[in-house]
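There are 2 protein chains.
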Amino acid sequence: MFNFTIITDDPQTDARTGIFETPHGRLLTPVFAPVGTQATVKTLTPRDLAESGATLVLANNYHLYLRPGTKLVAEFGGLHSFMGWPGPMLTDSGGFQVFSLAQMRKLDPDGVTFRSHIDGSLHRFTPESAIVSQEDLGADIIMCLDECPEPLDRKYNEDALARTHAWAARCRTAKRRPDQALFGIVQGGVFPDLRVESARTLRALDFPGYAIGGLSVGETKEQMYATLDVTVPELPVARPRYLMGVGAPEDVVEGVARGIDIFDCVLPTRVARNGGLLTCQGRMNLRNARYAADPLPIEPGCDCYACQHFSRAYLRHLFKTEEILGLHLATVHNVRFMIRLMEEIRQHIAAGTFAAFRSAFLAGYHLPDQDVRHAQKEKRRQAANRK
Amino acid sequence: MFNFTIITDDPQTDARTGIFETPHGRLLTPVFAPVGTQATVKTLTPRDLAESGATLVLANNYHLYLRPGTKLVAEFGGLHSFMGWPGPMLTDSGGFQVFSLAQMRKLDPDGVTFRSHIDGSLHRFTPESAIVSQEDLGADIIMCLDECPEPLDRKYNEDALARTHAWAARCRTAKRRPDQALFGIVQGGVFPDLRVESARTLRALDFPGYAIGGLSVGETKEQMYATLDVTVPELPVARPRYLMGVGAPEDVVEGVARGIDIFDCVLPTRVARNGGLLTCQGRMNLRNARYAADPLPIEPGCDCYACQHFSRAYLRHLFKTEEILGLHLATVHNVRFMIRLMEEIRQHIAAGTFAAFRSAFLAGYHLPDQDVRHAQKEKRRQAANRK
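Chains as they are written, first to last, in the working numbering: chain C, 1 to 387; chain P, 1 to 387.
Fair warning: there could be bad hints in the mix.
The list makes no distinction among identical chains, and a pair is therefore deemed to hold if it is satisfied within one copy or across any two copies.
Stated by the list, open to error - Each computed DMTMM-like pair below joins lysine to aspartate or glutamate, with the alpha-carbon atoms no more than 25 Å apart:
hint, residue 1, residue 2
1, Lys-221, Glu-234
2, Lys-379, Glu-343
3, Lys-71, Asp-294
4, Lys-175, Asp-229
5, Lys-320, Asp-119
6, Lys-320, Glu-75
7, Lys-320, Asp-136
8, Lys-42, Glu-322
9, Lys-155, Glu-75
10, Lys-377, Asp-206
11, Lys-377, Asp-153
12, Lys-42, Asp-303
13, Lys-320, Asp-229
14, Lys-221, Asp-193
15, Lys-377, Glu-322
16, Lys-71, Glu-322
17, Lys-379, Glu-322
The hints are simulated quantities; they were obtained by calculation from the structure and are not laboratory data.
Just so you know, these numbers come straight off a predicted model, no measurement behind them.
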């Protein structure tokens, strides 16, 4: 269980393909995991997910601990049976959400006390309790409780790192279920020496997999890529590497090139619900009047249900009339886009053509303006903090 | 085309089974049509609809005329190809919506001028224009432009009826496409003499099918059933009879017993989105705390995707967390419930056991309190009028 076998090493980049075995099935890596925060990938049934080719699905311990409660999910035999997803699953510990969503948080060496963003009720996570609730949820891959500080604040990162490392060791000790793999989470903001220290500290604890956290939270893309450049070489070659919360298509391609095996992100599903459709040319805004009479599918050649059955004009009509079916069909497309991207990436690594694919993809993919993206992200963070 | 063949006449009631042939397939009657007002049955894909066993799907001329425009739909080859539904379709003329939704309306003998409920823009429907736009939409069954007055206002009903009859004759003359069947709409409120007059007037115009409009709009159930009792016998036996906007399970059973062949209603899909689930025992409110840990499906024995895969506890979790998947799964169940009800009704008519089925169904089906229903309906009407 949890064997990780590297199949192909790309000679020109640090990309690799592999097989990661979990109790609920094999993951072909690199893999992208759609996010089902509240035990549902928004607007999709498990059947839709399976049809998209998704293999790994994420859920979140913070949200599920608050609603419906992890004990209740345990009574239903865990997340797999509760939400009807038979394949591999991963839960985040909720550390990130405690720091980004909770109304109030008070840290002490033993854990964190916080108020629910839903009703203000008081709760407490410790490394041990985060393991217990993730054992109740029963995902194949579970995460250490960590602290996710502002990436550019040196002092904060130093203090947080000490806690994150101590908590990682305690999570390791607390974990009991043999059918779950506990990953350690490397933190350290954008500071190379802290990242190296973190990777080495966690590596000494010998986790079956390693996550890189605290990225895509406000730093620039250049800073994110540079952080990967210094962090990944410090992680053991033979263990899967998971880049948390990163899933813009261009970042996935760049992450793979730097040796990342697992990605998750709400981006494809979130932008879908705003009418943002992923294509090989970049994001398309379906609300735009230019698509009002457009008979083409979202992306010609795409094999998803939305592209096989509907025109851009019909999908735009659904968005303009605020019909839920629009949110669903856009999500179906975007998830399938990400899964197809991963399939192509694996094929190109296997064929030795990944470096050329990377260049061609990035040349063809029009990026939203970085300032615009940062402004959007900042707005979301502020909105979340105000909650 | 549009042959209607009666297969079985129930000896104990006025129920009957039949086959109504349309250019997009045969309808086994009695049939319930889910409502896809804006060219989408809310939250469902055409595949979901097909899996529910739905055969006839409704759309609305008023809404589609405003958005995206019936000319645009015509450019896409009509509603069937625009929304991806290959089976039989029916469009309402929009008369009801002009009178219930539009911000302002001004009647004259030639038609009605109104302001859009969306943006206040000025528009005009005439009998002829309502036919043209329904020809653009291309549904198999289209409806005359009618006026739907308050059911209890005698003078209003008398005046409206004269217009509705004159407009029916003009719609009949205006209609051109041979692949569409135009139904006349009987009006007359709760007044038996007006209903008889309306049925006889329209019958003289020899429509391929007859609708009964202006019911389930504020009158009591007793008044609705009494109106059917006087109206249906005035309609030709050999033509399909369509009871517009009626689709509560108990009303469908009572309507079938009175000789109705076609039903449509937003009720199953609308109550689903409020967490109201249809079962043989009545409506179940999924938000109720009693279902928080309930491992049963919505309705044991139901073959819908929601009942086959999920517990009441999981579905309640989706509603409590405001997840769109909850709206979808509840809709899947309610539409399937209605289609199964029609399948059972047809089987019982064929087997000569419909009268017993009717008694047993109504004895087992707990009705929401009538005062509560009326209050809800009144609230919705006022909300719509305020728009």
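Status of each hint after checking the structure:
1. Taking the shortest alpha-carbon separations for Lys-221 and Glu-234, only the intra-copy value of 21 Å comes in at or below 25 Å, while the best inter-copy value is 74 Å.
2. Taking the shortest Cα distances, Lys-379 and Glu-343 never come within 25 Å of each other, neither inside one copy (33 Å) nor across copies (52 Å).
3. Taking the shortest Cα distances, Lys-71 and Asp-294 sit within 25 Å of each other only across copies (14 Å), while inside one copy they are farther apart (49 Å).
4. Taking the shortest Cα distances, Lys-175 and Asp-229 never come within 25 Å of each other, neither inside one copy (31 Å) nor across copies (71 Å).
5. When the C-alpha separation of Lys-320 and Asp-119 is checked against a cutoff of 25 Å, the pair qualifies only between copies, where the shortest distance is 13 Å, while the shortest distance within a copy is 33 Å.
6. With identical chains, the CA atoms of Lys-320 and Glu-75 are at most 25 Å apart between copies only, with a shortest distance of 19 Å across copies and 42 Å within one.
7. In this homomeric assembly, Lys-320 and Asp-136 come within 25 Å of each other (Cα to Cα) only across copies, at 21 Å, whereas the closest approach inside a single copy is 42 Å.
8. In this assembly of identical chains, the alpha carbons of Lys-42 and Glu-322 lie at most 25 Å apart whether taken from the same copy (16 Å) or from different copies (10 Å).
9. Within a single copy, Lys-155 and Glu-75 get their C-alpha atoms no closer than 43 Å, and across copies no closer than 63 Å, so neither meets the 25 Å cut-off.
10. In this homomeric assembly, Lys-377 and Asp-206 never come within 25 Å of each other (Cα to Cα): the closest approach is 34 Å inside a single copy and 63 Å across copies.
11. With identical chains, the CA atoms of Lys-377 and Asp-153 are at most 25 Å apart within one copy only, with a shortest distance of 18 Å there and 57 Å across copies.
12. For the identical chains of this complex, Lys-42 and Asp-303 are neighbours both inside a copy (20 Å) and across copies (24 Å), given an alpha-carbon limit of 25 Å.
13. For a Cα distance limit of 25 Å, the shortest separation of Lys-320 from Asp-229 qualifies neither inside one copy, at 43 Å, nor across copies, at 43 Å.
14. Taking the shortest Cα distances, Lys-221 and Asp-193 sit within 25 Å of each other inside one copy (19 Å), while across copies they are farther apart (76 Å).
15. In the homo-oligomer, the alpha carbons of Lys-377 and Glu-322 lie at most 25 Å apart both inside one protomer (24 Å) and across protomers (23 Å), since each shortest distance falls under that limit.
16. In this homomeric assembly, Lys-71 and Glu-322 come within 25 Å of each other (Cα to Cα) only across copies, at 21 Å, whereas the closest approach inside a single copy is 36 Å.
17. Proximity of Lys-379 and Glu-322 under a CA criterion of 25 Å is satisfied in both settings, with 23 Å inside one chain copy and 22 Å between copies.
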